[in-house]
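Novice: So the sequences go chain by chain: F and G. Here the first sequence is numbered in our numbering, starting from 1 and rising by one per residue. Here the second sequence is numbered in our numbering, starting from 1 and rising by one per residue.
Treat the hints loosely; a few may be bogus.
[As the list claims (entries may be wrong)] In silico DSSO-like pairs for lysine-lysine, Cα to Cα no more than 30 Å straight-line:
hint : chain 1 : residue 1 : chain 2 : residue 2
1    : F       : K437      : G       : K2
2    : G       : K9        : F       : K374
3    : F       : K269      : G       : K168
4    : G       : K128      : F       : K438
5    : G       : K168      : F       : K354
6    : G       : K2        : F       : K374
7    : F       : K390      : G       : K114
8    : G       : K206      : F       : K32
9    : G       : K2        : F       : K300
[Unchecked claim] Ranges of calculated distance between the beta carbons of each label pair, as one might list FRET restraints:
hint : chain 1 : residue 1 : chain 2 : residue 2 : range
10   : G       : E68       : F       : N401      : 27 to 35 Å
11   : F       : G298      : G       : D23       : 44 to 52 Å
12   : F       : G298      : G       : R204      : 19 to 27 Å
13   : G       : E79       : F       : G379      : 17 to 25 Å
The set of hints was computed from the structure by calculation and includes no laboratory data. The beta carbon of each residue, even a glycine, is placed where N, CA and C say it ideally should be.
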Amino acid sequence: MTTGDGYQEKVRRIYRFISENFYLNRPDLEIKGERYNSALLFGILTALYGGKELIIGEPGLGKTTSAEYIGCLIYRYPLGVIWGSEVSGHPEQTEEKIVGRPDLGALNQGREVVVWSNFVQLPVKIVDEINRLPETKQSMILDGVDRGNWEYLNEMIINDEYVLFATANYQDRGTNTIIAPLVDRFDVLVESRHPGPNLAFQIGRRSKLYNPLRHPEFERKFHELLRSQVPYEEKVPRLEELCEAYGQYLKEKVGIEGLSKEERFEIRKQIASIPLDLDSNAFLRMVLAEFSFCHRYGQKRSVEQCQEGCHYTGYFCYHVKNCASNRLPISAVGYAQALAWFLEEDEVDLEHVKAVLPFVLAHRVQWKDSYISKKESEGRNDPLQIYLAKEAVEEIFHRYNEQRDYLLEALAVASEAFEGREVQLLDGDHPIYEEIKKEIAALR
Amino acid sequence: MKNPFEEFKRHPSKERSKEIPLDRILRQKEETLQRILRGYENLLKNEAKDLVWLMQYSTVIKAYSIAEEAIRDIEYTAEDIEEFCYALDRTDQIPYLITGPAGVYISALCNYAKESEIVLRLQDLGIKINLLGYRLPEGKRLIVEGNLGDFTGISLEGGELIVEGSTKNYTGAGMKRGRIIVRNNAGFNTGHGMTGGEILVGGRIKGLGKIVGGKIYEKDQLIFPSEDYRPFYF
Chain F
1 MTTGDGYQEK
11 VRRIYRFISE
21 NFYLNRPDLE
31 IKGERYNSAL
41 LFGILTALYG
51 GKELIIGEPG
61 LGKTTSAEYI
71 GCLIYRYPLG
81 VIWGSEVSGH
91 PEQTEEKIVG
101 RPDLGALNQG
111 REVVVWSNFV
121 QLPVKIVDEI
131 NRLPETKQSM
141 ILDGVDRGNW
151 EYLNEMIIND
161 EYVLFATANY
171 QDRGTNTIIA
181 PLVDRFDVLV
191 ESRHPGPNLA
201 FQIGRRSKLY
211 NPLRHPEFER
221 KFHELLRSQV
231 PYEEKVPRLE
241 ELCEAYGQYL
251 KEKVGIEGLS
261 KEERFEIRKQ
271 IASIPLDLDS
281 NAFLRMVLAE
291 FSFCHRYGQK
301 RSVEQCQEGC
311 HYTGYFCYHV
321 KNCASNRLPI
331 SAVGYAQALA
341 WFLEEDEVDL
351 EHVKAVLPFV
361 LAHRVQWKDS
371 YISKKESEGR
381 NDPLQIYLAK
391 EAVEEIFHRY
401 NEQRDYLLEA
411 LAVASEAFEG
421 REVQLLDGDH
431 PIYEEIKKEI
441 AALR
Chain G
1 MKNPFEEFKR
11 HPSKERSKEI
21 PLDRILRQKE
31 ETLQRILRGY
41 ENLLKNEAKD
51 LVWLMQYSTV
61 IKAYSIAEEA
71 IRDIEYTAED
81 IEEFCYALDR
91 TDQIPYLITG
101 PAGVYISALC
111 NYAKESEIVL
121 RLQDLGIKIN
131 LLGYRLPEGK
141 RLIVEGNLGD
151 FTGISLEGGE
161 LIVEGSTKNY
171 TGAGMKRGRI
181 IVRNNAGFNT
191 GHGMTGGEIL
201 VGGRIKGLGK
211 IVGGKIYEKD
221 QLIFPSEDYR
231 PFYF
């Protein structure tokens with residue numbers, strides 16, 4: 001989508017600026033002939049779309065760093081303010097540190113006043129090492145971020161815009177499980193990888209004395225405003241004024257233009273208006289069918305086991321335990337639209353959907369142990385979850401290519417049947433054909 | 001309720017074919033197999049006119065270049081290679097089988113396959129294919145489930161050949177680099193003339209050939225070079 005407003009160029013410059021100066025890493029994703037680093041690209045798409053991203057990786061490989069720089073440049077908050085709003089995961093973390101606390105001075109005078117945390121007030125929310133938080137506290141954050149509502153005592157604030165970046169280390173003694181319903185709330189999962197010895201050496205040589213994105217004077221002003229007892233609704237426009245001033249500094253001194261709140265809202269509107277072409281639409285239906293279909297029990301349920309000798313053993317429904325949630329298509333369509341916007345395309349096509357699907361699926365699919373043990377020792381460059389999701393997308397894409405015309409025809413016939421015409425629905429081996437029949441049967 | 005298939009109304013409704021996608025897939029598979037079989041027959045006509053094939057280095061090289069030529073324009077997958085192996089076992093599909101050229105031909109198919117990893121499930125194959133893994137290049141991984149015959153993995157060029165079974169004589173002969181893993185046993189003259197790479201045999205090796213370089217392990221023990229070994233050219 002070329003809009004002529006230059007937003008895409010601004011965003012691409014931010015991508016280049018971060019990748020050349022702050023988050024040095026190798027490209028690991030090719031889309032339409034262009035190579036990108038997946039952690040950085042999806043971080044930027046998350047910031048634009050207003051999504052939730054889970055970043056995994058070994059300690060010290062830039063998981064938090066990538067999120068901080070993206071948040072700083074796209075939302076125009078000084079780095080020190082972003083740092084001051086981060087929640088770090090540890091078992092002793094409390095609601096009072098994450099959400100808000102009573103104003104003790106006011107409480108002494110018999111008044112209940114809440115002092116909201118910076119994390120709650122800022123649109124850029126970073127949770128470092130989320131899997132070090134006990135499950136109940138993970139849930140507290142994600143419930144808030146799910147709707148943007150934050151409650152403490154009898155007060156509530158509602159964020160009209162927010163983005164969540166959470167980092168997670170691989171399992172060790174200090175980590176907890178992120179339970180399935182919470183994992184499902186993340187739109188995408190990416191890995192922040194080792195950049196390779198040569199780039200790592202460059203990182204080691206860089207000076208830590210000066211960071212142009214820090215600005216102590218602006219940071220002080222932001223902190224003063226965030227600490228003040230001004231009502232949140234009044235604080236938001238004043239924060240935006242400070243962002244505007246800091247954005248001006250970025251433009252003049254760093255040569256990078258961030259995005260104003262108005263621009264971000266306009267971009268989100270543009271993203272949401274990008275249509276999906278027929279191929280990406282049908283392919284996504286096919287993917288959803290494989291991850292939700294069960295011939296025997298009507299749909300996948302994590303408490304039910306597949307039967308030996310099921311006709312559908314060749315499809316992914318046989319290799320997974322759980323059912324795809326409704327958040328899966330929301331994330332897949334949203335990120336595919338955001339990617340199409342970023343690449344200035346008028347429609348979401350197969351390549352956009354294929355590029356985002358592995359990252360949207362990776363954390364949501366619970367693979368059967370038998371499938372994991374079969375696949376885990378295969379040579380790969382990605383962590384197992386992303387690798388399995390990429391393999392699955394490729395395999396379903398292969399099936400889609402084999403029966404593309406037939407499937408589009410089946411969906412066209414289904415459309416006629418839905419409108420009441422007497423037509424014979426098309427048969428096929430793939431679960432999607434069964435699902436189409438169920439849909440029409442439910443109407444008749 | 002909104003029509004959930006509405007977008008597909010735009011899809012032009014064609015004369016609906018009675019053919020289901022599976023028919024087309026099977027037809028394509030059959031065509032590919034026929035082309036692979038024709039290439040093999042062509043190799044036999046050129047290389048084994050009298051149904052005799054003498055295993056010599058020069059004949060292997062020549063057979064391989066004919067095989068390369070024969071498969072050049074065929075679009076195939078690892079599954080088609082497996083299908084071809086089983087076709088070799090069926091007299092109705094193949095006029096005659098000579099395991100040497102067959103092995104060279106299958107090796108060429110594997111070496112030029114699109115996939116970097118190829119799995120051939122040959123446990124039920126009645127014959128033992130010779131020369132499989134010939135010149136397997138770097139970046140390729142060939143996993144064979146079942147036993148193989150003589151000259152397995154000869155002249156390996158950096159690839160990884162895993163045999164989930166046993167191999168016969170001259171395994172890894174003349175290999176330059178890469179790795180051969182044999183889960184069970186290997187025959188006589190294993191590693192004969194090899195100059196580099198590794199052969200790992202999980203079971204017993206009947207005997208080693210004259211080895212120039214590389215490493216050979218038997219049941220996790222390094223047996224070549226042994227501690228008292230001194231390369232003859234020193």
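Novice: Each hint should be assessed against the structure and marked as holding or not.
Specialist: Results of checking the hints against the structure:
Between the alpha carbons of K437(F) and K2(G) the distance comes to roughly 17 Å, so the proposed pair stays at or under 30 Å and holds. Using a Cα cut-off of 30 Å, the hinted pair K9(G) and K374(F) is violated, with the two alpha carbons roughly 42 Å apart. Using a Cα cut-off of 30 Å, the hinted pair K269(F) and K168(G) is violated, with the two alpha carbons roughly 68 Å apart. Pair hint K128(G) plus K438(F) does not hold up; C-alpha atoms about 50 Å apart against a cutoff of 30 Å.
For the hint linking K168(G) to K354(F), the alpha-carbon distance of about 45 Å lies beyond 30 Å, and the restraint is violated. A hinted pair counts as satisfied when its Cα atoms are at most 30 Å apart, and K2(G) with K374(F) does not qualify at roughly 42 Å. Among the hinted pairs, K390(F) with K114(G) is consistent with the structure: their alpha-carbon atoms are about 18 Å apart, no more than 30 Å. A distance of roughly 54 Å separates the Cα atoms of K206(G) and K32(F); the hinted pair therefore is violated under the 30 Å criterion.
For the hint pairing K2(G) with K300(F), the CA-to-CA distance comes to about 25 Å; that is within 30 Å, so the pair holds. Taking 27 to 35 Å as the suggested C-beta distance range, the pair E68(G) and N401(F) conforms, at roughly 28 Å. Under the hint 44 to 52 Å, the C-beta atoms of G298(F) and D23(G), about 29 Å apart, miss the expected range. For the pair G298(F) and R204(G), the supplied restraint of 19 to 27 Å is violated, since their beta-carbon distance comes to about 54 Å.
Between E79(G) and G379(F) the C-beta distance comes to about 20 Å, which sits within the given range of 17 to 25 Å.
Hints 2, 3, 4, 5, 6, 8, 11 and 12, counting from the list given before, are not met by this structure.
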